[in-house]
Amino acid sequence: MATETMPLMKAINAGLRKALEEDPKTLLMGEDVGRLGGVFRVTDGLYKDFGEERVVDTPLAESGIVGTAIGLALRGYRPILEIQFDGFVYPAFDQITTQLAKMHARALGKLRMPVTIRMPYGGGIGSVEHHSESPEAYFAHTAGLRVVSPSDSSDAYWMLQQAVRSDDPVLYLEPKRRYWQKGALDTAAEPSIGLHQARVHRPFEGDAPADLTLIAYGPMVKTCLDAAAAAAAEGRRLEVVDLRSISPIDFDTVQACVEASGRALVVHEAPVFGAIGGEVAARITERCFYSLEAPVLRVGGYHAPYPPAKAEEEYLPGVDRVLEAVDRSMAY
Amino acid sequence: MTTKSSSVRAGGKGARGGGRRRTGSTAPASGRPATEAAELVQLLTPEGERAEHPDYSIDLTPEQLRDRYRDMVMVRRFDGEAVTLQRQGELGLWASLLGQEAAQIGSARAMRPDDYVFPTYREHGVAWCRDVDPLTLMGMFRGVSHGGWDPNENNFHLYTIVIGSQTLHAVGYAMGIAKDGADAAVTAYFGDGASSQGDVSEAFNFASVYNSPVVFFCQNNQWAISEPTERQFRVPLYQRAAGFGFPGVRVDGNDVLAVEAVTRWALDHARSGGGPVLVEAYTYRMGAHTTTDDPSRYRLSAEQEQWKLKDPIARLKALLTREGIADHDWFETVDAEAEQLAKRLRDGVRSMPNPEPSSLIFDNVYTEPHALVDEERAAYRRFAESLADAEQEGGR
Ligand SMILES: Cc1ncc(C[n+]2csc(CCOP(=O)(O)OP(=O)(O)O)c2C)c(N)n1
Ligand SMILES: [Mg+2]
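Keeping their order, the protein sequence lines are chains A and B.
For reference, each letter of the first sequence is one residue, going 304 to 635 in our numbering.
For reference, each letter of the second sequence is one residue, going 136 to 531 in our numbering.
Treat the hints with care, since some could be wrong.
Said to hold, decoys possible - Per label pair, the in silico range of CB-to-CB distance:
1) B:485 <-> A:495: 50 to 58 Å
2) B:514 <-> A:446: 51 to 59 Å
3) A:598 <-> B:344: 50 to 58 Å
4) B:502 <-> A:576: 13 to 21 Å
5) B:489 <-> A:536: 53 to 61 Å
6) A:532 <-> B:506: 35 to 43 Å
What the hints assert, rightly or not - Examples of chain B residues toward chain A, derived with CB under 7 Å:
7) 297
8) 361
9) 508
Stated by the list, open to error - One-sided and incomplete, this derived list gives chain B residues near chain A with beta-carbon spacing under 7 Å:
10) 218
11) 279
12) 367
Rather than coming from a laboratory, the hints here were simulated on the basis of the structure.
C-beta atoms are modelled at their ideal positions from N, C-alpha and C, and glycine is treated no differently.
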């Protein structure tokens, strides 16, 4: 009955609705999430249906949003927060990293922080400054936080349920440029895949191992699938590992893939230096050293502030840059 | 929404400021006039009649009055043109100042050239007064730059989009002015929504503690995207200043005369060692938050209709007409000039070149060469060239 095709953002909306319905202790908090339904309309209709006690328009203060959510969590609530844009999470950075992330450890396990922080991230929408950034590395670097990012409608819905149910704080990163990307969602059957498991796509014919493993998450999964499709047309077999989770990372799945293919390329929008790609590359080197045919390569943003919109196409990894790196890897 | 009282005085200010006064001050040592006003400061009624206020007055020459009118008309016109250009896909976004012309022109014209301005992202009218070409502003919203003007050329800082951050920069700049013994002042613009940010409270506190020459100028336009001011504060904003130990004044933000009078006083107060002042310009965001916003989802158009009756331009026009300061022909000339400006901007935006991407991305990340940036720039160029070559081959 329940399989529908819907845009990723509608799937998040449906997921939030389910979370609000299932647990009376959940509540949504954020700027403009109420009457407006969020600047992207992700929370559309929820204020009307659940009221202002459950869907809360907060004062314009990110530190306040996260800090008070910590207090609400201490009191037994399960807050689901929205940070309006990636570039505006920093006023809350202190509360997230020094308080939220560490509370469980500091209290010797006596306290739990079941707080979900939703945040649209990444570029590609032609926006002004601070609306296109990929700050996941800062958070993945912080012990105590779980960091995940869905790439399609089904994951958007189900990973949100898992994130909300988690008794640890979860940063749930929404690939905003894919908000309008349609995908199938079955709301009746929870997939067996866990929140922190990677998923492998093998968009080519036959059972032979892939020529190369692309590793991505969030918005870059589609870019990598597009690259794989283009490569398949030229007879090259690229598999795509959708990490889905950035902290922790499912290195077992990554390892199995790379041991078979011998080549790996990590793709993300975030600047390459000091980011997730480096961590993945190091782990692959440790785990798959004798299987590697080429060094693990990375494609991502540059070591520069996210540029004005007219240059973002050049800044962001696209199919061409992915395939160029594939060529470099294959040349070893 | 009604307003009750307009000014809260911080007690003991004169004594506290003693010994810290900087030289070169021009304002009366006593700070702002003593009488407590019971109303929003207003010198020009919505009907365009002059109003008296016990504390504030302003004497603008006929020429200055015409200038203020002209400023507001020009600014409204180019703001409207920007909205149109966004609709046509020429700009990525625009944050309209519609309705806030008096708050911006009045405050900006109260400043001296050596005063320094820290704007938000909506201060196109202030930018206009600081001689920043509207075409440059539009370039930012088109996506060719993150600003594009040299802040030091006009003492007008870059737009700040992260809500509230610039208020601290303004205080720091003002601290520097005080250390230098200069007699300039700083204006920090911010919104009603921004008043909730920790940075803004910290700015108030630093300014108070260091008695910094800064004017916090809040355009309370009643909305922070979809959130009304009740979500940001439960006491009138200007009253907050008292708790930090400096004066707060609420002024009719649609009255260009009152705004200029109050801001002049505030700047003089700051400049002459009196410390910070909070000015709350009570106004209304007549348009959407930005071109991507749809206000019909959260507010009633009746509210907007009410505010239309308080239009800042119409009321000054009524005054100019009543007092015979300007006639029909002159108004037509201004309108024609505004149309010319709009045309220049339209043409300018449409023919605006895209900067070379690699310079947009890699130039100016650091003041000095940086190995990683250099390496990535080289890699980028190699890749871009290989693409161009491939395209050429494909074309053959
Ligand atoms: C730190 C931060 N959080 C959120 C935003 C998103 N945002 C942009 S404008 C705005 C509302 C600002 O309201 P106000 O301060 O009243 O200024 P106005 O837009 O009315 O001029 C919000 C929430 C932001 N730019 N920065
Ligand atoms: Mg506002």
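Results for each hint:
The hinted range of 50 to 58 Å is satisfied by residue 485 (chain B) and residue 495 (chain A), whose Cβ atoms lie roughly 55 Å apart. With their beta carbons about 33 Å apart, residue 514 (chain B) and residue 446 (chain A) fall outside the hinted range of 51 to 59 Å. Distance hint for residue 598 (chain A) and residue 344 (chain B): a CB-CB separation of about 55 Å, consistent with the stated range 50 to 58 Å. Evaluation of the 13 to 21 Å hint for residue 502 (chain B) and residue 576 (chain A) yields a pass: the beta carbon distance comes to about 19 Å.
Between residue 489 (chain B) and residue 536 (chain A) the C-beta distance comes to about 31 Å, which lies outside the given range of 53 to 61 Å. Taking 35 to 43 Å as the suggested C-beta distance range, the pair residue 532 (chain A) and residue 506 (chain B) conforms, at roughly 37 Å. A distance limit of 7 Å between C-beta atoms decides the matter here; for residue 297 (chain B) the minimum to chain A is near 6 Å, and the interface restraint holds. Nearest Cβ of chain A to the Cβ of residue 361 (chain B): about 4 Å, under the 7 Å cut. The hint holds.
Evaluation of the residue 508 (chain B) hint against chain A yields a held restraint, the C-beta minimum of about 6 Å falling below 7 Å. Interface restraint check: residue 218 (chain B) against chain A, minimum CB-CB distance 15 Å, threshold 7 Å, status violated. A distance limit of 7 Å between C-beta atoms decides the matter here; for residue 279 (chain B) the minimum to chain A is near 5 Å, and the interface restraint holds. Look at residue 367 (chain B): its Cβ gets to within about 5 Å of chain A, closer than 7 Å, so that hint holds up.
In summary, the numbered hints that this structure violates are 2, 5 and 10.
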